[in-house]
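J.: Read off the chains here:
Number of protein chains: 4
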Amino acid sequence: MVAQMDKPKRDVKNLILDVDGVLTTGQFLYTKDGKFAKVFGPHDNDGIKMLSGLMNIQAISADRRGFDITQKRVSEDMKLKLDLVSEDERLEWFKKNFDLTETIYMGDGMHDVDIFAHVAYSIAPASAFYLAREKASFVTTHRAGEGAVAEACLHIKDKFFK
Amino acid sequence: MVAQMDKPKRDVKNLILDVDGVLTTGQFLYTKDGKFAKVFGPHDNDGIKMLSGLMNIQAISADRRGFDITQKRVSEDMKLKLDLVSEDERLEWFKKNFDLTETIYMGDGMHDVDIFAHVAYSIAPASAFYLAREKASFVTTHRAGEGAVAEACLHIKDKFFK
Amino acid sequence: MVAQMDKPKRDVKNLILDVDGVLTTGQFLYTKDGKFAKVFGPHDNDGIKMLSGLMNIQAISADRRGFDITQKRVSEDMKLKLDLVSEDERLEWFKKNFDLTETIYMGDGMHDVDIFAHVAYSIAPASAFYLAREKASFVTTHRAGEGAVAEACLHIKDKFFK
Amino acid sequence: MVAQMDKPKRDVKNLILDVDGVLTTGQFLYTKDGKFAKVFGPHDNDGIKMLSGLMNIQAISADRRGFDITQKRVSEDMKLKLDLVSEDERLEWFKKNFDLTETIYMGDGMHDVDIFAHVAYSIAPASAFYLAREKASFVTTHRAGEGAVAEACLHIKDKFFK
Chain A
0 MVAQMDKPKR
10 DVKNLILDVD
20 GVLTTGQFLY
30 TKDGKFAKVF
40 GPHDNDGIKM
50 LSGLMNIQAI
60 SADRRGFDIT
70 QKRVSEDMKL
80 KLDLVSEDER
90 LEWFKKNFDL
100 TETIYMGDGM
110 HDVDIFAHVA
120 YSIAPASAFY
130 LAREKASFVT
140 THRAGEGAVA
150 EACLHIKDKF
160 FK
Chain B
0 MVAQMDKPKR
10 DVKNLILDVD
20 GVLTTGQFLY
30 TKDGKFAKVF
40 GPHDNDGIKM
50 LSGLMNIQAI
60 SADRRGFDIT
70 QKRVSEDMKL
80 KLDLVSEDER
90 LEWFKKNFDL
100 TETIYMGDGM
110 HDVDIFAHVA
120 YSIAPASAFY
130 LAREKASFVT
140 THRAGEGAVA
150 EACLHIKDKF
160 FK
Chain C
0 MVAQMDKPKR
10 DVKNLILDVD
20 GVLTTGQFLY
30 TKDGKFAKVF
40 GPHDNDGIKM
50 LSGLMNIQAI
60 SADRRGFDIT
70 QKRVSEDMKL
80 KLDLVSEDER
90 LEWFKKNFDL
100 TETIYMGDGM
110 HDVDIFAHVA
120 YSIAPASAFY
130 LAREKASFVT
140 THRAGEGAVA
150 EACLHIKDKF
160 FK
Chain D
0 MVAQMDKPKR
10 DVKNLILDVD
20 GVLTTGQFLY
30 TKDGKFAKVF
40 GPHDNDGIKM
50 LSGLMNIQAI
60 SADRRGFDIT
70 QKRVSEDMKL
80 KLDLVSEDER
90 LEWFKKNFDL
100 TETIYMGDGM
110 HDVDIFAHVA
120 YSIAPASAFY
130 LAREKASFVT
140 THRAGEGAVA
150 EACLHIKDKF
160 FK
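Protein chains in written order, with numbering that gives the first Met the number 0: chain A, 0 to 161; chain B, 0 to 161; chain C, 0 to 161; chain D, 0 to 161.
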């Protein structure tokens, strides 16, 4: 664990956002043809735009089957860098690509807890799985798909850039 | 800010409704082909019809990509005047088109707070982003897409037209 | 108002269910082609089957544009009698077709309150518009689209058929 | 009822999951062409994978009309054994296929209560019909389609395999 207290606040440089359950409600609409749709929420794009001058913000998803859906919203419409990273490769991917002492991660699942233990600061939406809520540095009041990422962005700005 | 106390109640002449997060849940269903659907709720059309003899009621949306979806519900089915106004142009649009001392605005996002500061009265749904809820003159008990606009209409009738 | 206390409980013979906001969440999914889908919930069909030997149960909807969607679920799949009755004709339709002293109505909207005043017993889902919740004889703990009708059926059986 | 206290914990060998209202929100999206989509949630697949080395886990559904939708998610994507079993055949199916003293069942409906009375341990999601919640051995804090099955899996591991 990074000793966050000893570091100047400006050292937080990356915000990595999980997609499903963070930028979406986490739910998948299935039809008889398979995975059909995901539910993205309001406000999050506003929050990300507000913070994007201050930090590098990018997204990751472990959902291979729904990756074309995710790309439409996250890459094309929100213009965020997006990587497909499976859950077992995730910690290695974090370590290879970022200095984790200057990285914030927002996730919602049971496996995200492993990442939470290695980053400078961790955030979970109000609707996250209970283990993620228990271990996160900060839990938003908004649920995922209802403004959780926007609230996280304002919280980060307030905490690390003031 | 208008000194609302000094003015006769009948002076409130316009109700401007944001669409996403006010007339909808704010959520977007995405498929692999992009933005696919929005979720509109019950009761709101009943409330608007009840108030429409007393005030000018119209809608605005900043969602260019989903504007064809919005038009189907708001223009064609609800028969409301609807304008596409981006968030940075919004305050200018309000000032150009309305006497803000006689205008009520119902919005749900972080940027709507700027408009709230200039209108006679502001309303946020129970599900609005927390900053909008903090700054609104009135917060409905119903969430957006679950009757928030209908409740706002009854509240306006009760407060300004009795 | 019928003096319900003076009547034997077996006199309750009809249960009329509003569709939107009672058998559905009340929400409409719109695409660029217009009204696309409605959301029906679990348990309700089980509750209706359990009560159908004891009462005449039928459904009404005021939603002309979505009536083909409603028919698929309510007429074809649930096998309930279904009528399209606009909101201004609704009270007349009730009076013409039923003895209201032996009729229960379950509704969720502001106009349903007018019907509530004329029937033997009225029920609103937990998610109903606040005016309907205030005036109903009974409010379910389940929301519409989450078992409200099933709970209403068990409540009716318990209250009127024991 | 099995005398669970007298048995070693390792005797719990099967976990049977109802699909609608347990692995889904229980809701059906209907279009004018009929039943169109179901809503599956996050986390559940993670929980099932974690527990699958310890128990036999399989799924049942009574929804004939939506069975092709269910198969896409549960059989093809989650790789769970899945059977279509109507509600009146369900208790017989359980008795024929499993030793119920070593079987856990997770269900959400009024008819699932009959099964609950015959299995070693029963679980209901927070969003289950109230009768199922009243009778279950354990009620999750997460709602169905929001992580209820994942929470159940962790609860089972903690209670029976430690």
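Heads up, some of the hints might be wrong.
Identical copies carry no separate label here, and so any pair may be met within one copy or between two of them.
[Unchecked claim] 20 Å max Cα-Cα, derived EDC-like pairs, lysine to aspartate or glutamate:
1) 31 with 67
2) 12 with 62
3) 156 with 101
4) 12 with 82
5) 156 with 133
6) 78 with 133
7) 134 with 45
8) 78 with 62
9) 48 with 62
10) 80 with 32
11) 80 with 101
12) 31 with 82
13) 34 with 62
14) 71 with 10
15) 95 with 133
16) 71 with 32
17) 158 with 87
18) 31 with 62
19) 34 with 45
20) 12 with 76
21) 31 with 76
22) 48 with 86
23) 48 with 113
24) 48 with 88
25) 34 with 67
26) 80 with 67
27) 48 with 87
28) 78 with 32
29) 94 with 32
The hints are simulated quantities; they were obtained by calculation from the structure and are not laboratory data.
J.: Indicate, hint by hint, whether the structure satisfies it.
T.: Each hint tested on the structure:
1. 31 with 67: both (18 Å within a copy, 5 Å between copies)
2. 12 with 62: Answer is neither; intra-copy 26 Å and inter-copy 30 Å both fail.
3. 156 with 101: within (14 Å within a copy, 36 Å between copies)
4. 12 with 82: within (18 Å within a copy, 39 Å between copies)
5. 156 with 133: between (23 Å within a copy, 19 Å between copies)
6. 78 with 133: The answer is neither: 31 Å in one copy and 30 Å across copies each exceed 20 Å.
7. 134 with 45: between (27 Å within a copy, 18 Å between copies)
8. 78 with 62: both (19 Å within a copy, 16 Å between copies)
9. 48 with 62: Intra 25 Å, inter 15 Å, cutoff 20 Å: inter-copy only.
10. 80 with 32: between (29 Å within a copy, 19 Å between copies)
11. 80 with 101: Answer is within; shortest intra-copy Cα gap is 18 Å, inter-copy 44 Å.
12. 31 with 82: Intra 28 Å, inter 17 Å, cutoff 20 Å: inter-copy only.
13. 34 with 62: Both. Shortest intra-copy (11 Å) and inter-copy (18 Å) distances satisfy the 20 Å Cα cut-off.
14. 71 with 10: neither (32 Å within a copy, 46 Å between copies)
15. 95 with 133: For residue 95 and residue 133, neither the intra-copy (27 Å) nor the inter-copy (42 Å) Cα distance is at most 20 Å.
16. 71 with 32: Answer is both: 19 Å inside a copy and 7 Å across each meet the 20 Å cutoff.
17. 158 with 87: Neither: 31 Å inside a chain and 26 Å across chains, both beyond 20 Å.
18. 31 with 62: So residue 31 and residue 62 pass the 20 Å test inside a copy (19 Å) and across (13 Å) alike.
19. 34 with 45: Intra 28 Å, inter 17 Å, cutoff 20 Å: inter-copy only.
20. 12 with 76: neither (23 Å within a copy, 37 Å between copies)
21. 31 with 76: between (27 Å within a copy, 12 Å between copies)
22. 48 with 86: between (27 Å within a copy, 13 Å between copies)
23. 48 with 113: between (28 Å within a copy, 17 Å between copies)
24. 48 with 88: between (29 Å within a copy, 17 Å between copies)
25. 34 with 67: The answer is both: 11 Å in one copy and 12 Å across copies each meet 20 Å.
26. 80 with 67: Close inside one copy (14 Å), not across copies (27 Å); limit 20 Å.
27. 48 with 87: between (30 Å within a copy, 13 Å between copies)
28. 78 with 32: For residue 78 and residue 32, only the inter-copy Cα distance (16 Å) is at most 20 Å; the intra-copy one is 28 Å.
29. 94 with 32: So residue 94 and residue 32 fail the 20 Å test inside a copy (37 Å) and across (33 Å) alike.
Consistency with the previously given hints fails for numbers 2, 6, 14, 15, 17, 20, 29, ordered from lowest to highest.
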